[in-house]
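S.K.: Protein chains in written order, with our numbering: chain V, 126 to 237; chain E, 181 to 329; chain D, 285 to 781.
Derived from the structure by calculation, the hints contain no laboratory data. One should not assume that every hint holds.
In silico DSS-like pairs for lysine-lysine, Cα to Cα no more than 27 angstroms straight-line [stated by the list, open to error]:
| hint | chain 1 | residue 1 | chain 2 | residue 2 |
| --- | --- | --- | --- | --- |
| 1 | E | 241 | D | 392 |
| 2 | D | 392 | E | 247 |
| 3 | D | 726 | E | 246 |
| 4 | E | 246 | D | 307 |
| 5 | E | 241 | E | 193 |
What follows is a set of in silico ranges between Cβ atoms, one per label pair, in the way DEER data are often shown [claimed, not checked]:
| hint | chain 1 | residue 1 | chain 2 | residue 2 | range |
| --- | --- | --- | --- | --- | --- |
| 6 | E | 252 | V | 197 | 30 to 36 angstroms |
| 7 | D | 469 | V | 230 | 41 to 47 angstroms |
| 8 | V | 203 | D | 484 | 33 to 39 angstroms |
| 9 | D | 388 | V | 228 | 28 to 34 angstroms |
| 10 | V | 174 | D | 483 | 22 to 28 angstroms |
| 11 | D | 777 | V | 228 | 56 to 62 angstroms |
| 12 | V | 226 | E | 272 | 49 to 55 angstroms |
| 13 | V | 138 | D | 716 | 54 to 60 angstroms |
| 14 | V | 197 | D | 751 | 45 to 51 angstroms |
| 15 | E | 208 | D | 485 | 50 to 56 angstroms |
| 16 | D | 754 | V | 186 | 57 to 63 angstroms |
Pulled from the structure, derived: some chain V residues nowhere near chain E, Cβ distances all over 10 angstroms [unchecked claim]:
| hint | residue |
| --- | --- |
| 17 | 133 |
| 18 | 176 |
| 19 | 184 |
| 20 | 226 |
Using N, Cα and C, we set each Cβ at its ideal position, and we do this for glycine too.
In case you want the letters, here they are:
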Amino acid sequence: MTEYILCLALFCIGLYCVLRKRNIIKIIIGLGIMEYAVNLFFVLVGYKTGGRAPILAKDQVVSNMVDPIPQALVLTSIVIGLAVTALIVAIAIRLFERYGTFDITKIRRLKG
Amino acid sequence: MKKSDKGMTLIVKTITRLTVGLILLYGIYIVLHGHISPGGGFAGGVIIALSFIHLMLAFGKEFALKKLSQAAASLLENLGALMFLGIALAGLTGGYFFLNFFINKGKPFTLFSAGIIPLCNIAICLKVGAGLFAIFAALILFDSSQENK
Amino acid sequence: MTVLSFYVVIPLGGAFLISLLGKRIKSSGDILANLSTFSLLVFSLYSIKLVFINKVLVYNVGGWVAPIGICMVLDGLSSFMLVTVNLVSFLVTLYSISYMERYTDKAKFYTLFMLMLAGMNGIIITGDLFNLFVFLEIASIASYALVAFGTEAEELEASFKYAVIGSVASSLILLGIAILYSYTSTLNMADISSVLSGKPQSILVNFVLVIFLTGFAIKAALVPFHAWLPDAHPSAPAPISAMLSGVLIKVLGVYAICRIFFNIIAASHKAFFILVVLGLISMIVGAFLAIAQNDIKRMFAYSSISQIGYIIFALGIGTPLAIFGGLFHLFNHAVFKSTLFLTSGAIEYSVNTRDLRKLGGLSSRLPITGYTGLLGSMSISGIPPLGGFWSKLVIIFAALQAGHFIFATIAVLVSVITLAYYLKFQSYAFFGKLDEALIKIKEVPLTMRLSMITLGLICAISGLLCVPAFKPFLQSAVSVLLSGNAYKDAVFNALIR
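The shape of chain V in the complex, shown without the other chains (with noise of 0.2 angstroms):
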């Protein structure tokens, strides 16, 4: 339970970033954080203890295995968020390149 929790304060920190920070580069890295958060619950959902790795071996047997299927989902979510952070980090450059700042209470052209 204590890992989940600990999964949970992570899951905070990053939303707290988010929120909070006005630099829009630490933004990025507190949704980088909220991600791993979640991807980090998720692996632990598969893990039991005692468990190897789901990778066969000559003296591997099934039983004693973690739940594979967390790990590869994780790896999809790893994917997705490596796209995203790549996006978000093309943006932030070009909004650099329009507002000169990366002081998110300052880009505010849009209102309304």
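Starting from the known structure of chain V, arrange chains E and D on it as the hints suggest.
M.R.: Chains E and D in isolation, oriented as in the chain V frame:
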């Protein structure tokens, strides 16, 4: 030593020259063994892309882009994606989309097994490696155009 | 059966082919994109026939049988959503041929557009919860990039906001999937449903429900979570605004909420009441904020929030009539909102401004745009013979029938406010005196006119969907939602067949 003006110091360049080929080979190894051991198209593709990024960091962007230009990277990326889709569509010959249609369905601990999975790994590796390199190159090029202003 | 995979394969293949050929062969992007969206439209119309014959179709990807492998499920609701999405997307690609000439890289636009379409079709057709997440992310990432397509300051700002809020939503959805997987140890939607119905009511399921509701409500822009929409939708190029407002928020938000609330986790009445309240708030807030806008597209964006409120409100009531009304309104809204956004794009194309205060008397110069705008506005504000009137009428009747008298009154009042701000749009843009500066403007090119006229005509006749001859199309979608938990039995039976 006009050429060494770009990029990092001599030490870094020498080490890079020695290691970059090994990194590339290791990436290819990870891709080709992906179906029987940990690894696969994504991990291997990332390692291959990292070898090019390594070159770019050590020798400057011109050197790396001469090896693999952005247009070539985007071409490879598209070819990888289309190859993956093509393999998936080839499964329709057996009646199902994405069917593992090769006869050899995979024996544990054998390199040439697992039907279409090694082919899929190669396609993913092309897509991921070229894509990651293109992303990095795009960010680098954009940044330097900023400095020139 | 194989046709089920084509809904994803065609747009994906189209995307990569366009990106490969688009730069090398001129206008190959236009041809490929239109061909693939047209074939998708044909296939989705064919899916109506398939659903009539077999009710539910299941396709095992790669020959793996469902609880182990990923399956694709085509039922009444999927078929209904597919027709809506692909109809709008075909007309939008037709429109983009001329409109996107103003931007530099058309091939990239089509690539991203097709990826977004692949994501949306994937969400609709898939029968696997994690696969739904993957397709949702494909559609979302493509839409973040499309919002920033013009790379002007405002567009980048809107895209950044959208991307950050959207990523938070995606994290929440993934968290929900993780918890649900840990509880049921399966990812197949039908299988999850059967495992859940075998277990006693648990607080965990309610927790998952709340997480999913938050995530998908952000994607659907229901009111407490709507902050990104009024920035993101107006900033995109007009065809993309039409896609985003017309179908994307419905597929990513409303469809996913429907599937999860009705079919996977058969939610309790309390959970549905949350939907009713969220819908009501969205309805009211969206309408009031829309009145104050002077930017055309921004007004339409707020109006989208308000209309999505209607749909969610109707689905939350949950009686057969209300669900019928909600889905009917969903179809109507997809059609008239894309008509309106394309109209605003046509105005922007010829006048180069979106500010209502600078416009006036355009109907003499842009007659066709004027008529389609009028049809769209009349339909959305519920003028009798047009589609929007019937769907709103059904929703209000359903609310009365379920005993929600106050809510029904609010729905009527919001409809009046809707009429008010669309009258504002009409009078500022199309009626009144023509400005001196605007005397030289010309009507938009042929393909743009063609797609706007088609959409306008569909607006005018979409009321026919509640006529007995066409009713089964909607009714099959309604019956899927009404069957609730029986979804799993239908899927398993289709598997055995």
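S.K.: Against this structure, judge whether each hint is valid.
M.R.: Status of the hints after comparison with the structure:
At roughly 24 angstroms between alpha-carbon atoms, residue 241 of chain E and residue 392 of chain D fall within 27 angstroms of each other, so this suggested pair holds. A C-alpha spacing of about 25 angstroms is found between residue 392 of chain D and residue 247 of chain E, which places the hinted pair at or below 27 angstroms, so the restraint holds. Distance check on the hinted pair: residue 726 of chain D and residue 246 of chain E sit about 48 angstroms apart at the alpha-carbon level, beyond 27 angstroms; violated. Proposed proximity of residue 246 of chain E and residue 307 of chain D is supported: the alpha carbons are some 21 angstroms apart, at most 27 angstroms.
Note on residue 241 of chain E and residue 193 of chain E: the hinted pairing holds, with a Cα-Cα distance of about 13 angstroms set against a maximum of 27 angstroms. A hinted range of 30 to 36 angstroms for the beta carbons of residue 252 of chain E and residue 197 of chain V is consistent with their spacing of about 31 angstroms. Against the hinted window of 41 to 47 angstroms, the Cβ-Cβ separation of residue 469 of chain D and residue 230 of chain V comes to about 46 angstroms, which satisfies the hint. For residue 203 of chain V and residue 484 of chain D, the Cβ-Cβ distance of about 35 angstroms falls inside the hinted range of 33 to 39 angstroms, so the restraint holds.
Distance hint check: the CB atoms of residue 388 of chain D and residue 228 of chain V are about 30 angstroms apart, consistent with the given range 28 to 34 angstroms. Distance hint for residue 174 of chain V and residue 483 of chain D: a CB-CB separation of about 23 angstroms, consistent with the stated range 22 to 28 angstroms. In this structure the hint that residue 777 of chain D and residue 228 of chain V lie 56 to 62 angstroms apart at CB holds, the actual value being about 58 angstroms. Taking the beta carbon of each, residue 226 of chain V and residue 272 of chain E are about 53 angstroms apart, inside 49 to 55 angstroms as hinted.
Taken as a hint, the range 54 to 60 angstroms holds for the pair residue 138 of chain V and residue 716 of chain D, whose Cβ atoms sit roughly 55 angstroms apart. Our hint of 45 to 51 angstroms for residue 197 of chain V and residue 751 of chain D holds, since their Cβ atoms are close to 48 angstroms apart. Our hint of 50 to 56 angstroms for residue 208 of chain E and residue 485 of chain D holds, since their Cβ atoms are close to 53 angstroms apart. Roughly 59 angstroms separates the CB atoms of residue 754 of chain D and residue 186 of chain V, a value that falls within the hinted 57 to 63 angstroms.
The beta carbon of residue 133 of chain V is kept farther than 10 angstroms from every beta carbon of chain E, the shortest such distance being approximately 28 angstroms. At the 10 angstroms boundary, the C-beta of residue 176 of chain V stays outside the reach of chain E, the nearest C-beta of that chain being 16 angstroms off. For residue 184 of chain V, the non-interface assignment is confirmed: its Cβ lies about 13 angstroms from the closest Cβ of chain E, beyond the 10 angstroms cut-off. No Cβ of chain E comes within 10 angstroms of the Cβ of residue 226 of chain V; the nearest lies about 14 angstroms off, and the non-interface call holds.
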